[in-house]
Amino acid sequence: MWKIAKKDLKIFFSDKKALALALLLPIGLITMFAFAFGGVGSDDEEDIPTPITVLFNDEDNSVTSKKILADLDSIPGIELISSTIADAQTAIKNGDNIAIIIFHNGMEDSLNAGKIIPAELQYDKSREMEISILQNLLMSKIAEIKGAKDADKGIELTVQTQFSNLPPAMQDSIKKNIQGGMQKESEEAKLITMTSLVGDEEANWGLIQAVAGTAIMMLLFSVSAIGQSMLEEKENGVLKKLLQSPIKPYEIMFGKMLTASIISVFQLTIMFLFSWVAFGLEIFNNIPALIIMILVTALACSSFGVLLSSIVTTKKQADSLGTIIILFMSAIGGSMIPLYIMPQFMQNAAVVSVNYWSIQGFYDIFWRKTGIHAIGENVIVLLAITITVLLVSNYFFKKNVLKLT
Amino acid sequence: MLRVKNISKSFATNKAVDDVSFQIEKGQFYGLLGPNGAGKTTTILMISAIMQPDIGNILIDEKDVYKNKHTVKLKMGIVPQEIALYDEMSALDNLVFWGSLYGISKSNAKQKANELLDWIGLSDRKKDLIKTYSGGMKRRINIACALMHNPELIVMDEPTVGIDPQSRNKIYELLDELHNNKKTILYTTHYMEEAERMCDIIGIIDRGKIITQGTLQELKNKNNVDESIVIHYEGNAVDKLNGYKLKNDADKNELIIYSQHAKHDLPGIVKKCADAGITILNIDIRNINLETIFLNLTGRQLRD
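Which chain is which? The protein sequence lines are A and B, in order. As numbered in the numbering used here, the first sequence has no gaps in its residue numbers, which increase by one up to the final residue, 405. As numbered in the numbering used here, the second sequence has no gaps in its residue numbers, which increase by one up to the final residue, 304.
Simulated from the structure, these hints should not be mistaken for lab results. Check before you lean on any hint, since a few could be wrong.
Below, simulated PhoX-like cross-link-like pairs (lysine-lysine); rule was C-alpha separation at most 25 Å, straight line [unchecked claim]:
#1 A:248 to B:69
#2 B:15 to A:403
#3 B:271 to A:248
#4 A:403 to B:67
#5 A:316 to A:399
#6 A:398 to B:69
#7 B:75 to B:26
#8 B:75 to B:131
#9 A:403 to B:69
#10 A:248 to B:112
#11 B:106 to A:248
#12 B:112 to A:403
#13 B:106 to A:399
#14 B:131 to A:399
#15 B:183 to B:69
#16 B:209 to A:403
#17 B:67 to A:398
#18 A:398 to B:15
#19 A:316 to B:131
#20 A:399 to B:15
#21 B:263 to A:248
#22 A:248 to B:15
Listed below are several chain A residues computed to face chain B (Cβ distance under 10 Å; list not exhaustive) [as the list claims (entries may be wrong)]:
#23 233
#24 236
#25 238
#26 240
#27 241
#28 242
#29 243
#30 245
#31 247
#32 248
#33 349
#34 402
These stretches of chain B come out as covered by chain A in the derived footprint (C-beta under 8 Å, 3 or more residues) [as the list claims (entries may be wrong)]:
#35 56–62
#36 92–102
#37 169–176
Just so you know, even glycine gets a beta-carbon here, dropped at the ideal spot from N, CA and C.
Isolated chain A (complex conformation) (with noise of 0.2 Å):
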């Protein structure tokens, strides 16, 4: 028993790269995981949020309406920026401003007639989280003004008819005790209108997040097994009898390429079809900005592939750093988890990540419904990663897979 654990221990620490990517990767996803969700570095002063961006339109103008805005605006983590709402309806469509608050003429008088506010929240859905919490502050601002208005208002009438007699001192300092006592009442729910401007009844961007998330990660695990195909060749003989033939080394290497293009292809292509029967995903609302979307992220998962088996020299090597590069990208990329609940930092590491500028793409696409023109900065970005990627992956594949002996 013995002999065997130690051959197989022998073995396990023989190859001293693979060794470290496979410690490597437990410790990386702790410390990324910690990162996104324990609150770790949460303290650090010098990791202070980057804040929120709230369109608005103060229509009022009034006094209360200022008021409601400056306390926001002096909170932490909110950043108002004065908008037209055309303007602020186009960004939020496009996926750049997440809301606009809207307070219409006659606001400030609504308030004090206690009649319904015409004040709206005009958001993107697709980003409840922040909204939720937006949407708790915008009413908490409301409420406080509109119940310390209703306060008063009963305090006086009850001093009034239950304390005129008393001199007008007094009559003060039971006002003051009332109005201290007291609790604000909500009737938050009724205070302003909530519009959703993207994503309609049926698209629910939850699904779109798991599917695209999802697809995207898993066509990541496809092309890492195509790429390692190529150190499977090299240590069968195969490499050195396809080199030599007469085609050339660099035709080896994109033959790769292609192929887990292909592959991915019909991946993600299946992929989308099933979540369309399965849950009604509808993916049909730009076909052109579909198919487009679907080949730049295979050719840029494709690439990873081809730089996979590059840069390391045996298959052991390629499990371990290819589970890591997969899993580091689908996170910080928001595969796994949603981009926004992460610390601001990861949100800035994003932009490294195919999934990221794939998933953003989809949503574009799926959620959004916005033309191709939208998606023309994902799909520029996706092929620039993908043009430097083969272009690393090159230099590797003839320093490490042309490498004969």
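Chain A is already provided as a structure; the job is to place chain B on it using the hints.
Leaving out everything else, chain B in the frame of chain A:
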């Protein structure tokens, strides 16, 4: 057809190939014989234009292989030491794939693949996946893959390693047929029987250097090696026998007596042994072969 001129190749401090030169004429079967690690495969890698020599050059039909990689690769068919086949594909598909890399159209590749499968005796299993084949069958497919484009020069790197004698004999038959059809063949091996059996010219390589080359007869003549008479005895032997070199291995009860004309000298040797009181159990005459030549030149067995 092939001229290898003074090639050398080093890896760090290890000189894998050291000033190797030889040439093969059209239709010749050249055997490069040497133990494992002698430099055979490195030489093949350089000839097949995927590894550049540090010095020296290699010409195929007077064209430098490094300056004319594409052209010379089309003229060569390489049978690697490894079974370089796709396990998850059928024999037919493997042959068609490897043929396609040499620019053969799909229909021609299929036709050629069927001919070759018939030739190697595996046409009835052509649609079976390679992973279901025996080692010997895979070796035959490995050879057929290299012949898909009808190469002028066939380079084989130990194509019979790790297979049973029956499969090996089948491969020898195929190689004989290629030889009879005037194919030019470069064949590396560490089995001296193979080199003796098939090769027109034999080059013996050891520690990166070709230590001798020529026909088998030329090697025997120029390397002044004695034949030997091996006597197994009972009891005691002698350490000296007048007029003969000998080696006594008392552990094995084996006496090796060297002679230039073993058959002729045998009666006299037997008599001298009897006179010396040696009880002979059996006698074996060992002729000069590549093993003895290699031993004589290097002081080591070919399979050390």
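Evaluated hints:
1. Distance hint between residue 248 (chain A) and residue 69 (chain B) is fulfilled; the C-alpha atoms sit about 10 Å from each other, no more than 25 Å.
2. With a C-alpha separation of about 17 Å, the suggested pairing of residue 15 (chain B) with residue 403 (chain A) holds against the 25 Å cut-off.
3. Proposed proximity of residue 271 (chain B) and residue 248 (chain A) is contradicted: the alpha carbons are some 70 Å apart, above 25 Å.
4. Of the supplied pair hints, the one linking residue 403 (chain A) and residue 67 (chain B) holds, its CA atoms being roughly 20 Å apart against a limit of 25 Å.
5. The hinted pair formed by residue 316 (chain A) and residue 399 (chain A) meets the criterion: a straight-line CA distance of about 19 Å does not exceed 25 Å.
6. Annotation: proposed proximity of residue 398 (chain A) to residue 69 (chain B) holds, straight-line Cα distance about 17 Å (limit 25 Å).
7. A distance of roughly 12 Å separates the Cα atoms of residue 75 (chain B) and residue 26 (chain B); the hinted pair therefore holds under the 25 Å criterion.
8. Restraint check for residue 75 (chain B) and residue 131 (chain B): not satisfied, since their Cα atoms lie roughly 29 Å apart, outside the 25 Å limit.
9. Under the criterion of a C-alpha separation no larger than 25 Å, the hint pairing residue 403 (chain A) with residue 69 (chain B) is consistent with the structure, at around 18 Å.
10. Simply put, residue 248 (chain A) and residue 112 (chain B) have alpha-carbon atoms about 24 Å apart, close enough for the 25 Å limit, and the pair holds.
11. For the suggested pair residue 106 (chain B) and residue 248 (chain A), the alpha carbons sit about 20 Å apart, so the restraint of at most 25 Å is met.
12. Taking the CA atoms of residue 112 (chain B) and residue 403 (chain A), the gap is near 33 Å; set against the 25 Å cutoff, the hint is violated.
13. A distance of roughly 34 Å separates the Cα atoms of residue 106 (chain B) and residue 399 (chain A); the hinted pair therefore is violated under the 25 Å criterion.
14. The straight-line distance between the Cα atoms of residue 131 (chain B) and residue 399 (chain A) is roughly 31 Å, outside the 25 Å bound, and the hint therefore fails.
15. Restraint check for residue 183 (chain B) and residue 69 (chain B): the C-alpha separation of about 21 Å stays at or below 25 Å, so the hint holds.
16. Of the supplied pair hints, the one linking residue 209 (chain B) and residue 403 (chain A) holds, its CA atoms being roughly 23 Å apart against a limit of 25 Å.
17. A threshold of 25 Å between alpha carbons decides the hint, and for residue 67 (chain B) with residue 398 (chain A) the separation of about 19 Å falls inside it, so the pair holds.
18. Using a Cα cut-off of 25 Å, the hinted pair residue 398 (chain A) and residue 15 (chain B) holds, with the two alpha carbons roughly 23 Å apart.
19. Between the alpha carbons of residue 316 (chain A) and residue 131 (chain B) the distance comes to roughly 23 Å, so the proposed pair stays at or under 25 Å and holds.
20. About 21 Å separates the Cα atoms of residue 399 (chain A) and residue 15 (chain B), which keeps this hinted pair within 25 Å; it holds.
21. Restraint check for residue 263 (chain B) and residue 248 (chain A): not satisfied, since their Cα atoms lie roughly 59 Å apart, outside the 25 Å limit.
22. A C-alpha spacing of about 28 Å is found between residue 248 (chain A) and residue 15 (chain B), which places the hinted pair above 25 Å, so the restraint is violated.
23. Using the Cβ-Cβ criterion of 10 Å, the hint placing residue 233 (chain A) at the interface with chain B is satisfied: the shortest such distance is roughly 9 Å.
24. Annotation: interface hint on residue 236 (chain A) holds; nearest CB of chain B at approximately 6 Å, less than 10 Å.
25. Contact between residue 238 (chain A) and chain B, as hinted, is supported at the beta carbon level, the nearest pair being about 5 Å apart and thus within 10 Å.
26. The criterion of a C-beta within 10 Å of any C-beta in chain B is met by residue 240 (chain A), whose closest approach is roughly 6 Å, and the hint holds.
27. The beta carbon of residue 241 (chain A) is positioned within 10 Å of a beta carbon in chain B (closest approach about 4 Å), and the interface hint is therefore held.
28. Interface hint status for residue 242 (chain A): upheld, as the beta-carbon distance to the closest one in chain B is roughly 7 Å, under 10 Å.
29. The criterion of a C-beta within 10 Å of any C-beta in chain B is met by residue 243 (chain A), whose closest approach is roughly 5 Å, and the hint holds.
30. Taking 10 Å as the C-beta cut-off, the interface hint given for residue 245 (chain A) holds, the closest approach to chain B being about 4 Å.
31. For residue 247 (chain A), the shortest C-beta to C-beta distance to chain B is roughly 5 Å, which falls under 10 Å, so the interface hint holds.
32. A least Cβ separation of about 9 Å between residue 248 (chain A) and chain B falls short of the 10 Å threshold, and the interface hint therefore holds.
33. Checking residue 349 (chain A) against chain B by beta carbon gives a least distance of about 39 Å; that is not within 10 Å, so the hint is violated.
34. A cut of 10 Å between beta carbons decides the hint on residue 402 (chain A): the least distance to chain B is about 8 Å, and the hint holds.
35. Counting residues of the region 56–62 of chain B whose beta carbon lies closer than 8 Å to any beta carbon of chain A gives 0, which falls below the threshold of three, so the coverage claim is violated.
36. Here the region 92–102 of chain B counts 3 residues with a CB under 8 Å from a CB of chain A, which clears the bar of 3, and the coverage holds.
37. Only when three residues or more bring their CB closer than 8 Å to a CB of chain A does the claim for the region 169–176 of chain B stand; here the count is 0, and the claim is violated.
Checked against the numbered hints listed earlier, the structure breaks hints 3, 8, 12, 13, 14, 21, 22, 33, 35, 37; every other hint is satisfied.
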